[in-house]
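Counting in full-length UniProt numbering, the sequence shown runs from 1 upward without gaps.
Check the hints yourself; a few may be wrong.
Restraint-style ranges between C-beta atoms, simulated for each label pair [to be verified]:
no., residue 1, residue 2, range
1, Y17, A53, 35 to 43 Å
2, S61, G33, 29 to 37 Å
3, N56, I14, 44 to 52 Å
4, I28, N66, 20 to 28 Å
5, N56, F36, 32 to 40 Å
In short, the hints are calculated from the structure, not lab data.
Where a beta carbon is used, it is the ideal one built from N, C-alpha and C, also for glycine.
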Amino acid sequence: MAATAQKRSAWSVIWDYLTTVDHKKIAILYLMGGGFFFLLGGLEAMLIRIQLAVPNNDFLSAGMFNQVITMHGTTMIFLAAMP
Numbered sequence: 001m002a003a004t005a006q007k008r009s010a011w012s013v014i015w016d017y018l019t020t021v022d023h024k025k026i027a028i029l030y031l032m033g034g035g036f037f038f039l040l041g042g043l044e045a046m047l048i049r050i051q052l053a054v055p056n057n058d059f060l061s062a063g064m065f066n067q068v069i070t071m072h073g074t075t076m077i078f079l080a081a082m083p
């Protein structure tokens, strides 16, 4: 008699990954988290480059530009590079 695979719902799979103690699944979550924050840091870098593309650009205010620079550095070092 052949064994048949049971189809699991998406919520069941998500719950399984969020509550797992399996080191292989934790590594997948770790890599996905690092990849997500790498993309977020890249988006912040693009905002910085848009602001610096032309002189006297008003894309970001001075305060917002400083905040984006700080968020970009923090995101890339602590959330993308360190993990």
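- Message: Looking only at beta-carbon atoms, does the pair N56, I14 fall within the given range of 44 to 52 Å?
- Response: Hint holds: Cβ distance 48 Å, inside 44 to 52 Å.
- Task: With 20 to 28 Å as the target window, see if I28 and N66 comply at their CB atoms.
- Result: violated (36 Å)
- Query: Could one say that the CB atoms of S61 and G33 fall in the range 29 to 37 Å?
  - Reply: The hinted range 29 to 37 Å holds for S61 and G33, with Cβ atoms some 31 Å apart.
- Item | Range agreement (Cβ of F36 with Cβ of N56, hint 32 to 40 Å) | Given a distance of about 34 Å, which is inside 32 to 40 Å, the answer is holds.
- Message: Between the beta carbons of Y17 and A53, is the distance compatible with 35 to 43 Å?
- Response: holds (40 Å)
Violated hint for the displayed structure: number 4, the only one.
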